[in-house]
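For the working numbering, add 5 to where a residue sits in the sequence shown, where the first one is 1.
Misleading hints may appear alongside valid ones.
Stated by the list, open to error - The calculated lysine to aspartate or glutamate pairs, modelled on DMTMM-like cross-linking and capped at a C-alpha distance of 20 angstroms, are:
1. K92 / D193
2. K157 / D193
3. K269 / E137
4. K182 / D219
5. K92 / E125
6. K92 / D46
7. K157 / E91
8. K157 / E262
9. K47 / E125
10. K199 / D120
11. K92 / E45
12. K240 / D14
13. K240 / D206
14. K92 / E195
15. K96 / D120
16. K47 / D69
17. K205 / D144
18. K23 / D38
19. K47 / E74
20. K182 / E218
21. K157 / E234
Claimed, not checked - Ranges between beta-carbon positions, derived for each pair:
22. S236 / R76: 26 to 36 angstroms
23. E27 / E125: 19 to 29 angstroms
24. R168 / I93: 26 to 36 angstroms
25. I93 / D219: 39 to 49 angstroms
26. D69 / Q123: 12 to 22 angstroms
27. D71 / T171: 42 to 52 angstroms
28. N6 / E178: 15 to 25 angstroms
29. I75 / A10: 13 to 23 angstroms
30. E27 / N129: 32 to 42 angstroms
31. T171 / D69: 43 to 53 angstroms
32. P140 / T254: 18 to 28 angstroms
Hints are computed from structural coordinates only; laboratory data are not their basis. Here a beta-carbon is modelled for each residue, glycine too, at the ideal position from N, C-alpha and C.
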Amino acid sequence: NIGLAYSDDGINWNPEPKPWIEWKDDEVWRAYDPRLTVMEDKVILCFAVDTAHGVRGGIAVTEDFDKWEIRSLSVPDNRNMVVFPEKINGKYCRLERPFPVYSRGGDRFDIWFSDAHQLEYWGNEQLVLGVEDVPYANDKIGPAAPPVRTEKGWLTTFHAVDRDDTRGKNGWEDTWKKRYHAGIILLDLEQPWKVTGLCKDPILTPETPYETEDGFRTNVIFPGGMILEDSGEVKIYYGASDTVECLATAHVDDLLELCVPWSKAR
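Can you build the whole structure from these sequences, using the hints too?
Written as structure tokens, this is what we have:
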């Protein structure tokens, strides 16, 4: 299920007593991992669904948080989708993370870009960032919160995973040996599949007990929302240990300064 909560200050939240979206039928088993993008007069919801034929990425639209309409479901083995908050060159744009298990070997997953005239038909796929480009990831990476516009480019969070088989049991699974960090990159405003800046270190890494010890899957930090306030404060909302929702703040200038110039020949 996907829940809904409201806040007047972005800090104190009041959750609705019942799920906002409940989706279970012969094909879809559950919906989860929501990310919201506000654009013009609508809210675009990206989410993942576990189905009888694999994990798929979905996009829905609502205008009132009462009724919502499914606009697209990807083919299996794709998720972590986030939509940019404005059209670029007349098109909707998104980041996504396909699961090329066979061709890349194991979990070597990367961040990709695609765009669409409407929200239904996506194409123009471009590789944005590979896991081998991130110094603190040896397993996989993927989009996190929807990007925000700055004068220097699209400020974009991502999750980066390193695996260490010597860690021992983390969370409820004996096989869970992964640690999730939050990273940040800067994307070109007009060609958002091009990385122009990369922070070489994670901006958030599991440290506190609620990030490392107590939870469904420990050693996990996963941003799902980001707000740039008029004051320049950036609010980054992230899940910890797949159990609690947290808030970290920073000034946008400090985050931009962390993104050192970066480019990669395509």
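To see whether the hints hold, each was checked on the structure:
| no. | hint | result |
| --- | --- | --- |
| 1 | K92 / D193 | holds (14 angstroms) |
| 2 | K157 / D193 | holds (8 angstroms) |
| 3 | K269 / E137 | holds (12 angstroms) |
| 4 | K182 / D219 | holds (15 angstroms) |
| 5 | K92 / E125 | holds (15 angstroms) |
| 6 | K92 / D46 | holds (13 angstroms) |
| 7 | K157 / E91 | holds (16 angstroms) |
| 8 | K157 / E262 | holds (10 angstroms) |
| 9 | K47 / E125 | holds (16 angstroms) |
| 10 | K199 / D120 | holds (14 angstroms) |
| 11 | K92 / E45 | holds (10 angstroms) |
| 12 | K240 / D14 | holds (11 angstroms) |
| 13 | K240 / D206 | holds (19 angstroms) |
| 14 | K92 / E195 | holds (10 angstroms) |
| 15 | K96 / D120 | holds (6 angstroms) |
| 16 | K47 / D69 | holds (8 angstroms) |
| 17 | K205 / D144 | holds (16 angstroms) |
| 18 | K23 / D38 | holds (17 angstroms) |
| 19 | K47 / E74 | holds (11 angstroms) |
| 20 | K182 / E218 | holds (13 angstroms) |
| 21 | K157 / E234 | holds (16 angstroms) |
| 22 | S236 / R76: 26 to 36 angstroms | holds (34 angstroms) |
| 23 | E27 / E125: 19 to 29 angstroms | holds (23 angstroms) |
| 24 | R168 / I93: 26 to 36 angstroms | holds (34 angstroms) |
| 25 | I93 / D219: 39 to 49 angstroms | holds (41 angstroms) |
| 26 | D69 / Q123: 12 to 22 angstroms | holds (21 angstroms) |
| 27 | D71 / T171: 42 to 52 angstroms | holds (50 angstroms) |
| 28 | N6 / E178: 15 to 25 angstroms | holds (22 angstroms) |
| 29 | I75 / A10: 13 to 23 angstroms | holds (22 angstroms) |
| 30 | E27 / N129: 32 to 42 angstroms | holds (34 angstroms) |
| 31 | T171 / D69: 43 to 53 angstroms | holds (50 angstroms) |
| 32 | P140 / T254: 18 to 28 angstroms | holds (25 angstroms) |
Comparing the model with each numbered hint stated earlier shows that all of them hold.
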